[in-house]
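> Modelling step: build the complete structure from the supplied sequences, incorporating the hints.
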Amino acid sequence: MYKALFSTDIIEKHVFEKGVLVGIGRDLKLPQAVAQERCRKSSCKLHQMWADGFTIHYTLECLTDWILEEAKTDDDLYWYLHKRCRETKELFPVSS
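Quick note: the sequence shown uses our numbering, first residue 2, plus one each step.
Take these hints with a grain of salt, some might be off.
Said to hold, decoys possible - Straight line, CA to CA, 27 Å or less: simulated DSSO-like cross-link-like pairs of lysine-lysine:
| id | residue 1 | residue 2 |
| --- | --- | --- |
| 1 | Lys42 | Lys73 |
| 2 | Lys19 | Lys46 |
| 3 | Lys42 | Lys14 |
| 4 | Lys19 | Lys42 |
| 5 | Lys30 | Lys14 |
| 6 | Lys46 | Lys30 |
| 7 | Lys84 | Lys42 |
| 8 | Lys30 | Lys19 |
| 9 | Lys42 | Lys30 |
| 10 | Lys73 | Lys30 |
| 11 | Lys84 | Lys73 |
Hint data in this document are derived by calculation from the structure and do not stem from the laboratory.
Here is the structure:
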């Protein structure tokens with residue numbers, strides 16, 4: 002379980018940043034500008050995760066959680082996720 006959290010190889014910072022940006026855009030179907038904005042908002046956390054040696058995959062899981070949490074109070078972000086992401090119902094369960 003813990004092996005998946007940390008990278009066994011050193012990942013260069015620009016490779017890490019690009020991997021996270023491309024991954025979050027792909028996973029949440031966000032436009033490039035929105036994905037860049039979300040990565041910028043979390044840049045301190047992302048930089049720390051890179052410095053600590055976390056994998057890109059685990060970092061994407063964390064960033065996805067942070068973005069979904071932000072979407073609860075950000076109408077524009079919620080709209081992007083609702084409009085583009087196929088798993089919207091899974092991301093934001095509707096209570097009956």
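> List, from low to high, the hint numbers that the structure doesn't satisfy.
none
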